[in-house]
Structures are given as structure tokens and as C-alpha cells.
Amino acid sequence: MTVTPGWYMALAAVLFTIGASGILLRRNALVMFMSVELMLNAVNLTFVAAGRNLNVLDGQVSVFFVMVVAAAEVVVGLAIIVAVFRRRQTASVDELSEMRG
Amino acid sequence: MVETVLFFIFGIAAIFGAISMVWARNPVYSALGLMLTMFSIAVFYVSNAGHFVAAVQVIVYAGAVMTLFLFVIMLIGVDKSESRKDDLRFQRPAAVGLLGLLIAGVLIAGSAAWTTGTRQPGADVNGTIENVGDMLFRRWLLPFEITALLLIVAAAGAIALAYFKPGDEEGDAA
Chain A
1 MTVTPGWYMA LAAVLFTIGA SGILLRRNAL VMFMSVELML NAVNLTFVAA GRNLNVLDGQ
61 VSVFFVMVVA AAEVVVGLAI IVAVFRRRQT ASVDELSEMR G
Chain B
1 MVETVLFFIF GIAAIFGAIS MVWARNPVYS ALGLMLTMFS IAVFYVSNAG HFVAAVQVIV
61 YAGAVMTLFL FVIMLIGVDK SESRKDDLRF QRPAAVGLLG LLIAGVLIAG SAAWTTGTRQ
121 PGADVNGTIE NVGDMLFRRW LLPFEITALL LIVAAAGAIA LAYFKPGDEE GDAA
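Heads up: the sequence lines are chains A and B, in that order.
For the first sequence, position 72 (counting from the first letter as 1) is numbered 72 according to the working numbering, and the numbering increases by one without interruption.
For the second sequence, position 32 (counting from the first letter as 1) is numbered 32 according to the working numbering, and the numbering increases by one without interruption.
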């Protein structure tokens, strides 16, 4: 029984789905943000598995760039969450509904 | 054989960590579950010959990013319990139904080999620092330089967001 790239794809798909469920089910902005990170990680896993299957290194370079963008995104996103918390004293996205029409 | 055993052990660990991240009421447990998942994904990178990205995964994600998350969790406070009341009544049942469909779809799709294109000839891919750096500083040099700009913009944005105190902005409606 050998591990084929399809197994990694399936595992990454399950992880991506769990991350999407975190976005849909949770109301805490921090946990929603962590779910985004989980989805990014799942996609990174597919890049590496596909790169090994095709015998190219570009998949791993793509993972490197995704990590850089994710790190920048985490810094700005957490700064926004902290700024919103200082103003509203809440991290729940349901209470931040002032911008709706 | 070794890869199969590792796949099952760390696959279960990754899914357990991911589910506990979504499930836990306390954000600290969520962060720890995500950390477990990221370590497991680093093991999968090693299985797929991605030694450099595995190291970066542990250092950047499990180290720096999760520490940043834990800092913010401690700053905001962990005692705030999340209300289960929903503003949109059918959101949660609809979410669960959609997720069932999505899981079925991705499992069907994931069981097939979805990499298209022909396998490149030559030696097996090996993601050592030397090989990845060779790609990064030759073929991907311009994107690499652009990420430097991106990081500077992100750092400046974070400082700007942290700089203003509440009530400083003009036209404040709150």
C-alpha cells in the first residue's frame, strides 16, 4: 500500500473543508482568521504533493510565496482585529454590523 | 511503508487538530489545535521531499504566526464566551448542509489523480535549500523582490493601524 498524491489531495481537501466550516460556523474573528490560515495550509499541501507528482520544484517555490503573503496577511489582519477591539470591546463579527445598508 | 504509516498517524493528527480548532470554545485551544495541524503538514512536506518548506513551515507558521495569534488572544482576553445566538436564523443548518455536500465533493475529487501534464524527466524532485534557492534567485527573482515590497507595506500598515488611538480620527460616529 503506497501513498499516492491523490491521498494528500484528499487530506488537503478535508482540511480545507474544515477551515471553510470554521469560517461559516464561528463568530470569533480570531478563530475565523485561524480558519483562513488552515485553508491556506491545505492548499500549500496540494502544491507540494502535485509538484512531487510532476517532478518539478515550482510547487515548493509557490508554497514559499504563499507563506510570505500569509505572513503579511496575518500581521495586517491581527492589527485590524486589535484596532476594532480597542474601539468596540468585542471580537465577535456579529456585533460589528454598522457598515451594513 | 514508512510513508504510509506516517501518512495515517499525522493525517489523523492533522484532522483532529483542525476539528478541535473549529470546535473549541476557548481561542487558546483553537490556536493549539491549529499548531498541531501545522506540524503535521510539515511532516507531509518532508514526505513529499519538501525539506526547506517543512523547515519554513515550522519556523514561520508554527513558530511566528501562532505566537502572534497567542499574543493577540491574550491581549483581547480569553474569557469572552461566544454567543450561540444567530442573527441569521438558518445560517448554521445551511452551513452544515453545504459542508456535507462539499466534503462529499472533495472526497470524490481527491480520490482521483488531479495533476495534469506530463511528469518531467530527470532526477526526483528534492527540495533542499540549495535547489529551492536556485529556483528562487534565477527564475522567480522578480516575484521574490516583489514580496519584499509586500512585507514592507504590511509592516507599515500594521504600524499605522496600531498608531491611532480611539477617538483620534475625524468624523468619528461612534
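Heads up, some of the hints might be wrong.
Said to hold, decoys possible - Reference listing, derived: stretches of chain A covered by chain B, where coverage requires no fewer than 3 residues with Cβ under 8 Å from a Cβ of chain B: (1) 19 to 32; (2) 61 to 73; (3) 77 to 84.
No lab work stands behind these hints: they were computed from the structure.
No residue lacks a Cβ here, since even glycine has one placed at the ideal position from N, Cα and C.
Hint by hint, here is what the structure shows:
no. : hint     : verdict
1   : 19 to 32 : holds (count 11)
2   : 61 to 73 : holds (count 11)
3   : 77 to 84 : holds (count 6)
In this structure, none of the earlier numbered hints is contradicted; all agree with it.
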